[in-house]
Structure formats: structure tokens, C-alpha cells
Amino acid sequence: MQELLNRARCVADQAEVYKSQTKQESVSFQASKLKEITSTEEEAWTLRLIKDKKLGAATSTKPGATEVLLQYATNTVSFGSPINYSLPGAAELQAPRTFDPRVTSVSQQEMLDIAGDLVSALNSFDPMVKAMAAVQKATGSRSLLNSAGFLGTTEFTNWTVYFGGELVNDDGFLNVYDGFSGTDYTTETTRLKEKVIESFRLARTVATIKSGQYPVIFTPGEVSCLVSPLLACLNGKAISRGFSPFKDKLGEQIFDPRFSVVDDAQVDGAVGSKSFDREGIATARRSLITAGRVNGYLLDLQTSQELDMSPTGNGSTAGPIANNIIVPGGEASFAQMLASIDEGVLIDGTMGAWAGNPYGGQVSGNISLGYKIEKGKIVGRIKDCMFSVNVFTDLRDNLVSLTSEQLWQGNLCFPYVQLKNINITTKS
Amino acid sequence: MKELLTNALKAAQADYCEIRVEETHTSLVLFRGKNLDQLSQTIQFGGNVRALVDGGWGFVSFNSLDDLADKVRAACAQAKAIGAVKREASMLVPVPVVVKEIKAEVKLDPRQVSLEDKVKLFSGYNDRILSFSPDITSSQVYYYDKYINVYFANSEGSYIAQEKFDIGCNMRAIATRDGVTVQEGVGMGSNNDFGCVLNKEEALLKVCQLTLDLLDAPTVKGGEYTIILDPEMAGLFVHEAFGHLSEADDITENEALRSVMTLGKRFGGDILNIYDSGLTQGNRGSSMFDDEGVATEKTYLVREGVLVGRLHSRESAAKMNEKPTGSARALDYRFPPIVRMRTTCIEAGTSLFEDMIKDIKLGVYAVGGYGGETNGEMFTFTAGCGYMIRDGKIAELVKDVTLTGNVFTTLANIDMIGQDFTYENSAGGCGKSAQSPLATSDGSPHIRVQKVVIGGAK
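So the sequences go chain by chain: G and R.
Residues 2 to 429 in the numbering used here are what the first sequence lists, from first letter to last.
Residues 31 to 488 in the numbering used here are what the second sequence lists, from first letter to last.
Chain G with its partners taken away, still in its complex shape (with noise of 0.2 Å):
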């Protein structure tokens, strides 16, 4: 990386050089059957100019590319974006744990063990389900070297479990799929097992409901639908571009003050976890809504620059991006919730939230798996259901309780939430 970095300074005011490597097998079953083993390795260079307050960029899996990689980093240099930082140099570094021993020397047999028990005990429930299982494991190290002193190396471990199954019967088609990752080792999968169990179990009944407005539950693995549109509008980009609606809106109550949203990368074990971001600033938990206020935003050098505050540490090539995303939990527990409900809606499955205008607040989508809730208790599978939120006015005046419980899900940690007033839309 050093030699590397001497040859760009020659041809630039400042460079940065970004190595990746990373080792992944992985195991799968598709239709309740075993399917394939996979094993990837890729190694990633990326180098970044910076010549004449101008940012260029190059990129090569290509063993043995560093001609090219200089020369495609020099031709965009010389009409790159305008930039007015300058690199970091050396920092204290608070390192999470991100890497586990026990990852890199599990077997391929002993992950073929534990997919094949996802699948056999969703088969043994309802040999009609064709159960999917994926287990993969990963190691890898990313390392950060700039000229102005900075050097960093992070070595890392993953280990993913995906777990779920289809079902297509006379009612329709089902998909139940779940899963969990960290950078730990574990074989803890019987709350996995249950949750995908119980769902399909859940959903053998159907329920209907008429359009209108109802209490609604979030699962932990669907307040992302609320969440992301709030992502959006906390980023350093949309903030400094002037569109995000939460400009100049720092320290300002703008939600219930109940509700609060924290990035943190120090988080031990999360896959989101890190010491310092793809820039090379020290990572630290920080708050981005507190208590219903607008207290931080996602921010990496540029827009730190554009916005006079300080970089976050949520530094990525392509503009700021979130760590881990938290909700604290609050007092309720899942149970209290379904009994405070005499006729409502519980989400656990959405698709096409995503694709809204995220700076509206208006999310909207279908209801891939959720449940009808009569007198607190789930009755049946609700099917051709649309929910519709506007998060900024929802998350404000219509949120009834958090649970205490929070489920991790990728680099997200929520709880249930409970909201009011909440438009379901169906067939007339």
C-alpha cells in the first residue's frame, strides 16, 4: 500500500489507498433440498487524488493493475469533484470487537448441520412448505492508508443465517423468511426456528378487513419502513443540498418525545461496527434524534466541510452512510401491545415501502405478512392490504408505545412499534 501511495503522491497534493480482502463459503438449501456451496475471495483496491482541491477515484479487483489504477485515478482528477477539506491524519482509534476466531474454523460439515435442522424442522411442521436455508460465513480486513498519516487496519469475521420458506396452496402464496448476522459465532438458531415456524402456523388462517384507519403493530424487522425515510433526511447530502425537510431543524421537537434514533459503530459484534470509516475518522456512538429532537446528522468529510460541523465518522465513497441504525426500546413488552388492541393490524412483511419520495415522509406499501388483531389477539392472515404513513406526522402524533424488547436484523436494532390512526387500504 506504501508504494502505491508514494507513486500517487507524485501525481497529486494528497492520496488515499483502500484495500479490501475478504473469504466467504457458504452452504444453501433451496426447495427443502441441499443446492450449492459457494466460496468467493476478492481483493479490492481503490485509490483517491486529491490535486488542485479536485477528487478523483479508481478502483480494481485486478491482481496487478496499479498502472491502470494510477492512470484511471489520474484522468479523473483533472476534472474531479471540487472539494475543500483535506484528508485526516493519524487518530485514537476505539476499536469494537469485529472479529471472531471461531468463524474462520468452522467446518463446511458442521454448516451443512445447521442449515439441514433449519430445513427438516420446517418440513416436519408442514412438508407442504419448501423451505429455504442459507449459512455463510466470511473473514476479510479492510486497511486505510492516506498521506497525511493515517493508517488503519480492521480485520473482520461474519456469520449469517437465512432462514424461511414458501408455501403456495389454495390461499395464495406465502413467503416467511428470516435471518440474522453479526460478526460472532453462534449456533443459537431455536428463536430463528420458532419465529418462521410460528409465522406459518399464524398464517394458515385468513382474515379480512375493511379499509380504514387502525392501530398498527411494526415488527422489530419492519420499523425500517419508518425508519429509512428518516435516514434519508439525516443525511449530511440531503442536508447541505437544502432538500431534506429536517434542515435547520437541529435541536428542534419534532417527534414524540419517546422516540429517539442513535447511530453506533462501536457496537461489539454488530456488522455495522467499526473503528473508523472508509475516510479514516474515529467512529463513536452518536445520537441522530434524541428524545423526539433532531440532535445530529450522518456526516463525512465533504458535507462536514459544506456544513461547518464536524465529520461523523460515517464516511463512505459514494457520501455519508449509517453504521448501525438503534431505536431504544421503550416500556411496553409485544404482549401488552397485542392486548391494547381491540381491532388493528399487525405488520411483519412489506414490499414496495421503499420506493417512495423518502424527503414526503409519505411511505407506503403492501402488506406482504401481516395479521389482523381482534380483541388482543392475532386472528388470521390479512392478504391485498396496503398501510400508508406519513412518518414525520405519525412518528409525531400517532405513536402509542415501543416494546423494551429489541431485535437486531443486519446493522439495525429496533423494537415493535405501535402506532394509531394508521390507513389500511383493501379491495372494496
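For the record, the hints were derived by calculation from the structure and aren't laboratory data.
Treat the hints with care, since some could be wrong.
[Claimed, not checked] To give a feel for the contact side, a few chain G residues facing chain R, derived at Cβ under 8 Å:
1. Q31
2. N76
3. A356
[Claimed, not checked] Chain R residues, not near chain G, derived (Cβ > 10 Å throughout):
4. N37
5. A119
6. N229
7. A325
8. Q465
9. K481
Glycine is no exception: its CB is placed at the ideal position from the N, C-alpha and C atoms.
Got chain G; can you put chain R on it based on the hints?
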């Protein structure tokens, strides 16, 4: 390359083995607001070996072609480990052995346009958006071009070297007033012509005006409506709602789904014809051979309302005893090929737009596609915007138009198909099994559908 690949394949101990090597050079230009946000050039190089033993697949991918024979052995060992458990016959439909080197039939080669000229062109478009009105507070102009060389060899003796291009561009205007932010955009793309991004000034003016109009537009009121989809929305619909369901790898192993998708079953009226083609040169996703070395074709999925075909890999075609369609595609060398769409189309019908609209008392005209998703039976997708239809006439503009429905009832509810067929390309793509975004495109005329649920305001 041919010698390298065919020599390495000699190490294969498998029922079937293939090697695919790819080198892709990408240029990317991204403007956000007044700034050039990203300008980069990328070389993606790598390969993979895929092997089949007793019905089980092994797959190894890598960047370096050193010790290729060892990689072949590794993939075969993985396949053997699965095959030992499965103990099934390996099934691949027979296809002709092909030895061919194919040059791209390029019209305007993006490599002939300098990076500087590209930056100038898109900077110009970006300026047009930003200078349209003070209410247009930001913009996004995203462009990329890829120059791809794929080398494929298999244990049956095929060797295919294909040169390809993929060009995509999305341009978007973002308007903000009194805390309300709206956006609207236009997309374009091609597999052989940089010309697809030229002379877009007029299209941008329309986008800018529509974005401004959307600032004052109300959110559509949720409910069930008769809708007319413009060609872009109808293309998105046929891709999401029927294209994915026609991908046979999901059908092969699922008896219940097989019975839902029995050939000969009626899905719509006589006016409905749907096809997917790899031969629509110029559109994203078209190519002569797929990633299993099978010649592509125009595959009819629905003819006169009746299911007549589906999209196949060699394995799914063999398992269902149907003919191959050249539909096995991989996002890049890091992934094995799976069954995917290419250009998915509703064939032109006979109706005129004015006849489609004239007897709708209350409906929605959905315009421009934002994106969509399906789980097989249910689909949902969001329009860029919509217009209410009142008493047979286009009325006020509405925003946040998201449609949902059951694929089968919705197909059956298509009661008019226009004569105004157009292809739709953009910088987006299709996602399936972590392989996203794959270059695809679609085509359709205006279509009219009865009883579609639209989610919306209270």
C-alpha cells in the same frame, strides 16, 4: 484466454463444469445539486468455476487466474460433497456446442467520448435542472458506462467470448417549498449506444415543470380505482407482476407453483400478449448468449391470454422437460447464473388512449415508474406521479401513487391495451437473490386495468 480456460477444465471431475472470466471497465459521473459528487473509473476483473456432480452445485469465484486448475478442482469437490448427499441425476438440457467470439455492434461507443466531454454533457444537463426555478433546490444526474468482456468455456467444448456494453443514466429534479420536498425524473439506457443520453434538454424541461407542479399536488386518496398505466408503469408492472413469476428456477422444485403455472392456463383476456426477449438489440439486458453459453431468444410467456412459456436455465429446462430460453444470467463473476429476465414486454394492442379513458368516471392515470417488488402472487409498485381521471378526462395531478394487487386478478382485469408501444430503459436494474442491479429493460403500450388498490392519504 481460450487455451487457459480449456486447459484448466481438463482438471474437472464432474458431470459438468464451466469457467467464466470477466473484465469490466466502468466510468461513473454523479452530480448531486451543483456539485460533481463522484467521478470514478473502475476495473472489475475476476472469474469463477461452477461444477455439477450428482445434482449438486459447487461454485468458486476469485480475482486471480493463477492456479486455475486448482480452482476447478475446488469447485468439483464442493459439488461432489453436495452430490454425495443428493444422489440425484445431474440434469442439464442439451444445447449446441458453440465456439464463437462476438464483437458488440456498437452505434456510438462510449469509449470514444472522453471523460471530460461526459462531465461537460452531464454538467450541462445538471445546470438546466438547477436553473429552471428557484423552487428546484437540488438535482441528481447519474451516469455510467460499462465496457465488458466475458469469456466462457465449459466441459462440453463450448468457448464463447462476448464483448458487451451497458450504458445507463437517471436524471432527477428535486423541489422544496415550505418543508415539502418532491422529486421527478427521467431515465435512459442502452446496450450499444452512447447516443441514448444525447439531446435530453426537452425531456428535462418537462421533468422540471412536473416537479414544480408536484409541489402543489395532493397525495392521492387511497381506494380501488380503474387505472391507466403509461408505458413506463406498464413495463414495470409486467416485469414485477409476471416476469418474476415466469422464472422457472422457482417453479421447478415446487409442485404447487408448477400447478399454478401450468402451460395452457388462462391468465388474461385474448388481448394480452407478454414476452421476454434477449434479442431486442439496443435495450439493456440483450445479448446473443446467456451466462451458460445458451443462445438467447424471444420467449412468449402469454399468448392471447394463455400461458405458453417461461424463462429457463439449462437445469430448469431439463427438469421441466421444456426447451432452453437462454435466460441464465449472473450479475458478475462473483455470482452463479440464475434465471433472469432480459427485456420484458406487453405486446402492442389496438386501443387508442382516448378510447381507454372516455368511459372512466373516477380513475387514476399512473405515470412514470419509481420502483416495485413482488412476492410471486402480490405485487406493489410506485408511480412517479398520477393524474386523477374524472368523467373521462385527465384531471388534477396527484402524488405518492402506490399500487398493489394480486398478479392473477390484475392480469385478468386488463381490459384495454394501447397501440403505442415503447421500450423503457434506465440506469436501474432488477434484483433477485442478492444479485442486483442486473441490466434489464421492459416495453409496453398504455394499458387499462379495472379494480386496482391504491394506497394513499387518509
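| Holds or violated: is the Cβ of Q465 (chain R) farther than 10 Å from all Cβ atoms of chain G? | 12 Å, holds
| message | Using Cβ atoms and 10 Å as the threshold, tell me whether A119 (chain R) really stays out of contact range of chain G. | response | 14 Å, holds
| request: Identify whether the interface hint at A356 (chain G) stands, where standing means a beta carbon of chain R within less than 8 Å of its own. | output: Where the cut-off is 8 Å and the nearest Cβ of chain R is about 4 Å from A356 (chain G), the hint holds.
| field | Restraint check, 8 Å cut-off on beta carbons, for Q31 (chain G) near chain R | value | Holds, because the Cβ-Cβ distance from Q31 (chain G) to chain R comes to roughly 7 Å (cut-off 8 Å).
| task | Could you let me know if the closest chain G CB is still more than 10 Å away from the CB of N229 (chain R)? | result | 23 Å, holds
| Minimum Cβ distance from A325 (chain R) to chain G greater than 10 Å, as the annotation requires | Nearest chain G Cβ is 25 Å from A325 (chain R), so the label holds.
| task | Say whether it holds or is violated: K481 (chain R) keeps its Cβ farther than 10 Å from all Cβ of chain G. | result | 7 Å, violated
| Hint check: 8 Å Cβ-Cβ cutoff, N76 (chain G) to chain R | 6 Å, holds
| Does the claim that N37 (chain R) lies outside the interface with chain G hold up, using a Cβ gap greater than 10 Å? | N37 (chain R) is indeed farther than 10 Å from all Cβ atoms of chain G, at 19 Å.
Figure legend: structure checked against the earlier numbered hints; the only hint not met is number 9.
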